[in-house]
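Visitor: So you can see what is in the structure, the chains are spelled out below.
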Amino acid sequence: MSSAGNHGSLLKPAKLNTAIAIEITDLNKWYGDFHVLRDINLKVLGGERIVICGPSGSGKSTMIRCINRLEEHQAGRILVDGLELTADLKKIDEVRREVGMVFQHFNLFPHLTVLDNCTLALIWVRKMPKAPAEEVALHYLERVKIPEQANKYPGQLSGGQQQRVAIARALCMNPKIMLFDEPTSALDPEMVKEVLDTMVALAHDGMTMLVVTHEMGFARQVANRIVFMDEGQIVEANAPEEFFARPKHERTKLFLSQILR
Amino acid sequence: MTMAKGDLVVTELAFVRQANIAPRPPPAAMTGALGWLRENLLSTPFNIALTILIALLFAWAIPELVKFLLIDAVWSGSDRDACLESVQHREIGACWPFVWERLPYFVYGSYPISERWRVDGFFVMLAIGIVWLLWLSAPRRDLAAVYFFMVLPVASFILLTGWAAIGLQPVDTVLWGGVLVTIVVASVGIVVSLPLGILLALGRRSHMPVVRSLSVIFIEFVRGVPLVTVLFMAGVMLPLFMPEQLSPDKLVRALVGIALFASAYMAEVVRAGLQAIPKGQYEGAMAVGLRYWLMMRLIVLPQALKVTIPNIVNTYIGLFKDTTLVFIVGIFDLLRTIEVARIDPKWATPVTSTTGYAVAAIFYLVFCYGMSRYARAMEARLAKGDRR
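Residue numbers (the numbering used here), protein chains in the order written: chain S, 760 to 1020; chain B, -17 to 370.
Each hint should be verified, as a subset may be incorrect.
[Claimed, not checked] Listed next, with one range per pair, are the computed distances between beta-carbon atoms:
| # | chain 1 | residue 1 | chain 2 | residue 2 | range |
| --- | --- | --- | --- | --- | --- |
| 1 | B | Val173 | S | Lys904 | 44 to 50 Å |
| 2 | S | Pro888 | B | Arg(-1) | 18 to 24 Å |
| 3 | S | Asn787 | B | Ile259 | 28 to 34 Å |
| 4 | B | Tyr356 | S | Pro888 | 45 to 51 Å |
| 5 | S | Lys904 | B | Tyr356 | 38 to 44 Å |
| 6 | B | Val133 | S | Gly841 | 40 to 46 Å |
| 7 | B | Phe131 | S | Gly841 | 41 to 47 Å |
| 8 | S | Gln915 | B | Ser25 | 28 to 34 Å |
| 9 | S | Asn787 | B | Pro191 | 24 to 30 Å |
| 10 | B | Gln0 | S | Glu1000 | 15 to 21 Å |
| 11 | S | Glu1000 | B | Pro191 | 26 to 32 Å |
[To be verified] With a Cα cut of at most 20 Å, we get these calculated SDA-like pairs of lysine to any residue:
| # | chain 1 | residue 1 | chain 2 | residue 2 |
| --- | --- | --- | --- | --- |
| 12 | B | Lys261 | S | Gly816 |
| 13 | S | Lys849 | B | Trp275 |
| 14 | B | Lys288 | S | Glu831 |
| 15 | S | Lys850 | S | Glu831 |
| 16 | B | Lys303 | B | Val174 |
| 17 | S | Lys850 | B | Tyr264 |
| 18 | S | Lys849 | B | Val174 |
| 19 | B | Lys288 | S | Gly816 |
| 20 | B | Lys261 | S | Glu831 |
| 21 | B | Lys261 | S | Leu871 |
| 22 | S | Lys886 | B | Arg279 |
Hints listed in this document are in silico derivations from the structure and should not be mistaken for laboratory results. Each residue gets a CB set at the ideal place from its N, CA and C atoms; glycine is no exception.
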């Protein structure tokens, strides 16, 4: 079993509601013979911000991609907002409407303008008429501070701007949970801050967030809990002060010594 | 000795710019017509040699062509005597009166003369449909699609084959011929092959084993057989196995054969495009909640088809020219009508065949080059979307 038990006591006294947003129980996943996720147990409360870190290949991206079923799992249960993820397409659709995702490589649609990227799902999935959909999109583009780029194509924007559009696109669906899969790893160094600032603002608004990242400054500032993964397992989970000041597991100590200089 | 030199380099390494350098225009040799010539035609010795070679080729071919088609051409006459060197005592080029006299046959085949207005009507309706659909800033293009894909096929079918109830005398398809047949076969092939090819390509990439294997079997089987064989099977073999009244019309069989054949090729073209779409696009689409068909229609296919436009048009051009193969099952397309007319004793001269083939070449060239140009314009327009 993982060492991620007894969550409640480790949380910051942040404004959490007691409702469980995500509950992962004994999650296991294999790629062929490769056991990529091993007995993952994790409970995320509404409003909680969790940063997941670990060496490359440790399964952290795979884990959060299981939460909106971009990856299938072979054993264990994943409950998202009370809905269990199975092969049932209806459930998957419902979960995907609750969960927004931001990718390392943005995955914006290059043939659509920024505005159309944001309104697409509102119009086709939520069946919203065009005009109110554009209103919603502009509202969120303003929130990520790029309303003036609405009619440009993604290829005309900088990486940081593209990632902020991707965040706005996910927010348009009014998700309860946001997943971030290494959102700043593909960015030039001078653009990391604008994306992190957007995410910090989101955290202040009480969004439930799961963030895979190596930005330890961000983790310290925003996270309620840091989850360290290695070899497909959760090795250590703790509040950031404890995690950085007194890491318990040898592998955590080694990892921190390598990334914090 | 290197010591002093090294020191010098080191001191030069520390540098602070005192004045900003304003941008200056490029040297004259880079711009204007002269610059273009240097850049494109005379940049390297090999390029210079190629330029000279091609100039020589043009100098040899173009005057010959102009001489045959225009200068030495015969413009009027009523039979072969007008185009015979032995009668006219001058060098004879293209025999245009032959083309002029047989032009109705080239266009309509043996379609009854009194009913040929119906073919003209079909051409006009088709032209309206094509322009409406392809002219990107035309009004109400949604209606154009309805018109082109639903109204036009039904109306054309009634108009061309006839419907006694509304006073249109039925015309058997064996009488159809010439440009009419070429256009009908090509448009049916072009219109059917893209959607069918897309479905087959999606089927081939499907996760459902039955759908996938059916698509693979169809594509590989049809691609593995020459078009001539497909047409021969459809035209000659099929009637042997079916009672005569059940066996569909000969032209219909050829149409189905060509459309299916083109679809298999189109499927592979589209599949290449699908493979060029990064996995992230699928994931992005799924993450915002799009289901399979919406994801394909809104995200994947628009991008996949865009990168394959050159290949799609390439397939279309090949298909357009392949329609000439329907002659093998006794259908009179344009090339076949020219073949028949050129051996007519009334016009038999040494230049008749060449003239006839020149007409065919010009016809196919105009249509294929038109398709090619339209595709180029389309690519240029779409490329604006994703400037990087």
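Visitor: If a hint holds in the structure, say so; if it does not, say that too.
Guide: Taking the hints in turn, this is what the structure says about them:
Between valine 173/B and lysine 904/S, the C-beta spacing of about 47 Å keeps the proposed range 44 to 50 Å intact. At roughly 56 Å, the beta-carbon separation of proline 888/S and arginine -1/B lies outside the given 18 to 24 Å, and the hint is violated. Under the hint 28 to 34 Å, the C-beta atoms of asparagine 787/S and isoleucine 259/B, about 31 Å apart, fit the expected range. For the hinted restraint 45 to 51 Å between tyrosine 356/B and proline 888/S, the CB-CB distance of approximately 34 Å leaves it violated.
Checked against the given bound of 38 to 44 Å, the beta carbons of lysine 904/S and tyrosine 356/B, roughly 42 Å apart, stay inside it. For valine 133/B paired with glycine 841/S, a C-beta distance near 51 Å fails the hint of 40 to 46 Å. Checked against the hint of 41 to 47 Å, the C-beta distance between phenylalanine 131/B and glycine 841/S comes to roughly 46 Å, which is consistent with it. For the hinted restraint 28 to 34 Å between glutamine 915/S and serine 25/B, the CB-CB distance of approximately 32 Å keeps it satisfied.
Range check, asparagine 787/S to proline 191/B: Cβ separation about 26 Å, and the 24 to 30 Å hint holds. Between glutamine 0/B and glutamate 1000/S the Cβ separation comes to about 51 Å, which falls outside the hinted range of 15 to 21 Å. Between glutamate 1000/S and proline 191/B the C-beta distance comes to about 53 Å, which lies outside the given range of 26 to 32 Å. Between lysine 261/B and glycine 816/S the alpha-carbon distance is near 19 Å, which keeps this suggested pair within the 20 Å criterion.
Taken as a hint, the lysine 849/S and tryptophan 275/B pair is honoured in the structure, with Cα atoms around 15 Å apart against an allowance of 20 Å. For a cut-off of 20 Å, the pair hint linking lysine 288/B to glutamate 831/S is broken: about 31 Å separates their Cα positions. Distance hint between lysine 850/S and glutamate 831/S is fulfilled; the C-alpha atoms sit about 13 Å from each other, no more than 20 Å. Proposed proximity of lysine 303/B and valine 174/B is supported: the alpha carbons are some 17 Å apart, at most 20 Å.
Restraint check for lysine 850/S and tyrosine 264/B: the C-alpha separation of about 19 Å stays at or below 20 Å, so the hint holds. For the hint pairing lysine 849/S with valine 174/B, the CA-to-CA distance comes to about 34 Å; that exceeds 20 Å, so the pair is violated. For the proposed pair lysine 288/B and glycine 816/S, the alpha carbon gap of about 35 Å is over 20 Å, so the pair is violated. Restraint check for lysine 261/B and glutamate 831/S: satisfied, since their Cα atoms lie roughly 16 Å apart, inside the 20 Å limit.
Between the alpha carbons of lysine 261/B and leucine 871/S the distance comes to roughly 17 Å, so the proposed pair stays at or under 20 Å and holds. Between the alpha carbons of lysine 886/S and arginine 279/B the distance comes to roughly 16 Å, so the proposed pair stays at or under 20 Å and holds.
Hint compliance for this structure: hints 2, 4, 6, 10, 11, 14, 18 and 19 are broken, all remaining hints hold.
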